[in-house]
Structures are given as C-alpha cells and as structure tokens.
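> Listed here are the chains, written in short residue letters.
2 protein chains.
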Amino acid sequence: MPETIPADSVGLVTPITLHIDSPLLLDCGRSLPSYNLIYETYGELNSDASNAVLICHALSGDHHAAGYHSMEDKKPGWWDSAIGPDKAIDTNHLFVVSMNNLGGCKGSTGPTSINPETGKRYGPDFPIVTVPDWVNSQAVLADELNIQQWAAVVGGSLGAMQAMQWAISLPDRIKHALIIASAPKLSAQNIAFNEVARTAIKSDPNFHEGYYSEHDTLPRQGLGLARMLGHITYLSDEAMGAKFGRELRNETLNYDYGVEFQIESYLRYQSINFVERFDANTYLLMTKALDYFDPAKEFNDDLAATVASIEAKSLVISFTSDWRFSPERSQEIVDALLSAGKEVTYAEIEANQGHDAFLMPIPRYIEIMTIYMKQVIADSELS
Amino acid sequence: MPETIPADSVGLVTPITLHIDSPLLLDCGRSLPSYNLIYETYGELNSDASNAVLICHALSGDHHAAGYHSMEDKKPGWWDSAIGPDKAIDTNHLFVVSMNNLGGCKGSTGPTSINPETGKRYGPDFPIVTVPDWVNSQAVLADELNIQQWAAVVGGSLGAMQAMQWAISLPDRIKHALIIASAPKLSAQNIAFNEVARTAIKSDPNFHEGYYSEHDTLPRQGLGLARMLGHITYLSDEAMGAKFGRELRNETLNYDYGVEFQIESYLRYQSINFVERFDANTYLLMTKALDYFDPAKEFNDDLAATVASIEAKSLVISFTSDWRFSPERSQEIVDALLSAGKEVTYAEIEANQGHDAFLMPIPRYIEIMTIYMKQVIADSELS
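As you go down the protein sequences, you meet chains A and B in turn.
First residue of the first sequence: 650, per the working numbering; consecutive thereafter.
First residue of the second sequence: 650, per the working numbering; consecutive thereafter.
Take these hints with a grain of salt, some might be off.
With a straight-line Cα cutoff of 20 Å, these simulated DMTMM-like cross-link-like pairs (lysine to aspartate or glutamate) come out [what the hints assert, rightly or not]:
{"id": "1", "chain 1": "A", "residue 1": "K946", "chain 2": "B", "residue 2": "E896"}
{"id": "2", "chain 1": "B", "residue 1": "K946", "chain 2": "A", "residue 2": "E896"}
{"id": "3", "chain 1": "B", "residue 1": "K991", "chain 2": "B", "residue 2": "D1028"}
To give a feel for the contact side, a few chain B residues facing chain A, derived at Cβ under 7 Å [what the hints assert, rightly or not]:
{"id": "4", "residue": "C677"}
{"id": "5", "residue": "I840"}
{"id": "6", "residue": "T848"}
{"id": "7", "residue": "A849"}
{"id": "8", "residue": "S852"}
{"id": "9", "residue": "Q870"}
{"id": "10", "residue": "F893"}
{"id": "11", "residue": "I912"}
By construction, these hints were calculated from the structure, which means they are not laboratory data.
Treat the numbers as computed from the prediction; the structure is a model and nothing was measured.
Ideal Cβ placement from N, Cα and C applies to all residues, glycine included.
One chain only, chain A, in its complex shape:
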C-alpha cells in the first residue's frame, strides 16, 4: 500500500457510474434496453473539450487504469506506468477517460448484472458484444461528457482493436489512434487458444451452462485453466525462461504428479488469484469479442479499403517477443494505413516480455509514446 501517494500519480480516484436509459442495438441483433457504464477520469477537460483521451482495456482489464481507490490499495490502476502527471499520457495536459466495457464484470452492465426484464442476473443470457458495440457505447459516454472528438483513443491488444475501430467507424470523432500490440483480426491459432479456454470453462461441472451464480458456485477449475493458458500466451518463452527456467520448487525431484517446477507453481497461483476477481461468463464474452473482430470482413478482406475512411493519425507499436500478436500482425495494419495514404508512425520495440510488454514501463516504448503524445497535446491545443 502507498504510505503516501507518489507525486507522479493521478492520486485517489473514484469511479463514476453512468446509467443510460435508451437502448443500445448490438451487432448480434439484440439490444440492451438500458445499461450502466462505469468509468474513471484523470486530469481536467479543457474548455473546448479538445484534450480528452479514451483508454480502452483488454481482455481482463477494467476502468481502473491509474491512481488508487484508497490509501489501502496495494497497487495502482493497471496502466499507472503510462498515465499521470508528466507521464506518457500526461494528465497535466490531458483529460483521460477509462471505462469498463459492456459485458465486463467490474461495474458496467454485464453477465453479473441484474437483467431488468427478469430480475435475475443475466449470466449466459447477456448478449455477446463486439468491438464495434463497445465503440458505440464509448461514443454514448463521450456524448454524455460533451466530448465531440477524442484527442486520442489508446489501447493495447483487444484495447487497440477498439482504437482501430473508433478510427474506422467514427472517423470525425478521433484525432489519433494508438494501436499497441494488436492485430487486424485473430489468426486460426489465436482462435484455437480461445476455444480451448472456453471449452475449459464450459466443461467445468460447476459452470451449469453459465448459470453458476444461481447454483451458488463458480467454475473455478475451468476459469483457472483458461487463465493459466492465457498467461502462457501473454508471456514469451524467453521471459518465462528468464524468470523461471527449470527451477525446481523443492531441492529434489518428487517423481509424482504434483508441482515440481516453479513455473507450475506460478501458473497455479495466477489461476487461483484470477478466479477470485473475474467472472467466467465475462471471460467467455471477451474471447468471443476477440474472435469476431475483423473489420476488413465487410470490405472483402481488403484492409487498405477498410481503413480508407480513417481521418486520424496513428501510432502502431509492436514488441519483438510478442507471439500472440507478433510484429508482423502490426505491420499488416501499418501497411494498410500506408496503402490508404494515411499518416502512421510505427515502432517495433525490442522487448523479451511477450504480449504483456504493452503493460510494462519499457524505456524505449514509454519514450516513443511520450513523444507521440506531445504531438497529440499540440494537436489538441490547435483545435
């Protein structure tokens, strides 16, 4: 816990819940008649509302991106290394908005919320939401905050897909897109890993077709397995090797089916920890949103045509050891933007942390983002 809040922190923050009473039509054809969006803001919105930055979270993220909820918090928000006064996303100049996505489990309406039509939790009946649906819901929030145009929309991984979708769907409402550690669509291998995770959750006998809360239980084993597997794909072989190698948990081998190696112990810990803080139906939904993301599908798989409508400038960043969304996948986005005559900056960061690198304060990464965000600030002051 921070005895005192660090000087470069956004400090103590309080999430705000916005209730929306008009329906949101979703890609799946269903609508949410009403819903809550929980969000946090850091910094001050300027008088012409030109300095607002939207942070989009990835699979297991939420609205708490920076600062602390209380003096008892052990850790700040998930991207505190990038957001704060004098940090890359500088809250001395920018008004940062971070929202929990619909379908989430941290306060925005999702499977754990009460379905107003039944008086019971949605559970598995919560509709599948897509990246374009999230963009639409984020636009509702922007409207409520009187933000006509984002100075930037920023995200990593699934968050970057939202930044890309903003630029494609609502070109006049976004000046810059920061697309970090992402891909224009999932590969068969990416989908395959998601399907294993989903199968693990769904085959847990405590899953009860998603109605586990009505059975007062949780599919801990299945969700834990999904998290273990996810964790392997977020890290690189190299990073795991550097951190754990073949280190044993005890001095000698046991020759049994218990834990022998530290990496096994670490994965078990990660899985137990995650199960307590995340909802299995939300996990399923997030993996589906990933699978479905494919903006070029409507454009005959022509990514350059897909991004032709974009007005925003883009910064695309990838990490050398990211094998979930490798640099080649980011380069597909860059190539499409260039083909379409768009302004794009690309940086491939040497990093051994795998996909998770996008969450880490890697000097060259933070430096590039800082320089780019200075341009975002300058552009926001022009308008």
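For this one, chain A is given, so just place chain B on it according to the hints.
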C-alpha cells in the same frame, strides 16, 4: 482400407509381446518386478545382427510404426512414410524394431495394465518412468533380440530424446542417432503447456485421482482439452492459417458460444477422437517424462560435457515453423556435439507444418534422411 497392400509397405505385421520377469529399477527409485514390452519388427536381422534400427515413439505414439495389422486397417503405422522397402529407413537392408514404451497404453506395461501385486489396474500407482528408464527397457529388448549394437536409434520429439539418451548412456551400443524435432530439455514454456494439460485432466470430475477405471468412467473432457491444447502446439500458426484461416462453419455468425469457426470444429473432433484411443494416466506420465528429460542436469548444465561420452554419429533435423521445439533448440544439441568434437550432420528443413512436420513426407526431409540412412547401412555392413 488398403484393397491391396502398397508395394513399398512392410505389409501385414503382427506385434510381439515379450514378458520380462526380472525387475527394472526406475529413476524414481521404484522398480517394476515384471513387465511386458510390445514391439513390431520390419525387415530381417542379418547374421551378425549389425543392421538393427530402433524407432522411438513420441508422446502419443506406439509400436505400430509401419505396415498394417489387417487388410481392414484404414491407415498404416504412424511413420509408414519413412519405413519400408526402398523408403528412407529401408527394410530391404535394415531390421527395424519399434516398441511401445513402458507406461504406454498400447500393450507394454503401463497404467492400464494389471498390477501383479494387487490384481487391479495400476492406474495412477504406475510409477513415473523417464527417458533413461525407457532406454534401459529398450536395452532389455535389444538383449532379448541379441542386438548388441543398434545401427541407428531414430526418433522425433520425445522419441529423439530417447535416441539422444541412448547415445549418452550406452555409447557402445549405438552407431548413429537420428535426433529429429527435439530439444536437450524442455523450456519453462514447454513445461507450462504440459502443466495446463495435466491440470485439465486432473480437474476432470471423472478423473477420480486417476482411478477412473474403477469408477467405470473416463476423464474425457480433461483428456480432450489436453489434446486440443497439444494439437495447437504441434501445428504452426501458418499451417493452421493455411488449413482453416477464419473460415466459418456456417455461412453467418451465430453470436453464441457454440462453434463459429472451422478451427474450433476441428479441435473438437481431434479431442473426441483421441479420448477413445488414449489413456489419461499414460498422457500424464508421458508429459512428465518430457518435463524431466534433462541429461545435462548431472553435468552441471554443461551439454557439451554431457555428450562427451557419445561414440555415435548424429543427424539432427529441425523444422523452421516448429515453435514447440524450434530450430534453435536443435542447434543447442548440434553446438554441444561439435564442442565435444563429435561427428554431427544438421539440417533445418523449410516446412510450415510446425512440430508435426517430423511425421510428414516432406521431400527435402525424406531425402536427407534417405541419404543419411544409406551411410547407416554402409556402416552396418562394415562391422
């Protein structure tokens, strides 16, 4: 089913079961008081027993490497593309031996066998066996067949680890080692994937701590999950992309948690298919044998020192798209052999099939093996 047996097939083969009544001491400290080894042979042993080749199988392989068990067989043995008259491992010249490993589930003593001490199946009480244990049991078979020295020991993946171990442990009993698609030890990531597979099996409510046969059930879900995950690691992203891409199962998206993409359907099929033909306790045991394999451990992690005792010549082969045991891992073996002054040939095969490439008739791969095996035949005729 083959209406007629192809001319380049070893033809109809019948497995042979050898019962050994003297105990085998295992690495774990326990012994098997007696055990069965099931094996097949192809070709004829020459008069001085100098033309014998041992084929070692990988995780889910068995003794049926080539030919057909009956005219009704739909498929030949698992490595029929490499073993037969005029094939790379040429049965016109060589006597090929292929054994199901101890701990397996296809006829050699393993978890599904009856424990003579209890009259019940071993199940989870079957001792964990290691790669060195397998080499020792294969040496018992060699003794029975009066084979003092193998012309070659050949394997891919976990099979290659056995070939390597033969060369290290029993240097005067092996002339050539063919080490294909392998690694000198598992990385933390390799172990992590194995641990997810094991956790899936062990957390299946039908696992019953491994005593599922006593409950007349099978941990289908868990073993199926393990297989799905294994399958992803055996294929490359590229191969999956080429085979399935983002192809949908139906024409339109369902926006539900069922199968949307062909890759999901394929993985489900693979998993259902596997569960019917493989034992979960054997799967656990095989993954442990992989985890434990680390011959350099006794040599202070010095792989060159580990291979210093080797008298065999080696052929090491890797495949460009194999990310389970990448070419870099094979190069570690090559570097160690070269440092130790051993004779080694190395080939990195351009192939997009991932780890599974070692099972496939890729022209350059088969050609290199064929050329190398001609030297093995020549060397065997010299002795």
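> Hint by hint, note whether the structure agrees.
Verification of the supplied hints:
1. A:K946 / B:E896: 11 Å, holds
2. B:K946 / A:E896: 11 Å, holds
3. B:K991 / B:D1028: 17 Å, holds
4. C677: Check passed: Cβ of C677 of chain B comes within 4 Å of chain A, closer than 7 Å.
5. I840: Constraint on I840 of chain B satisfied, holds at 5 Å.
6. T848: The hint holds - T848 of chain B has a Cβ within 7 Å of chain A, the shortest such distance being about 6 Å.
7. A849: With a closest approach of 6 Å, the A849 of chain B hint holds.
8. S852: 4 Å, holds
9. Q870: Holds: closest Cβ of chain A sits about 4 Å from Q870 of chain B, inside 7 Å.
10. F893: 4 Å, holds
11. I912: 4 Å, holds
The structure shown violates none of the earlier numbered hints.
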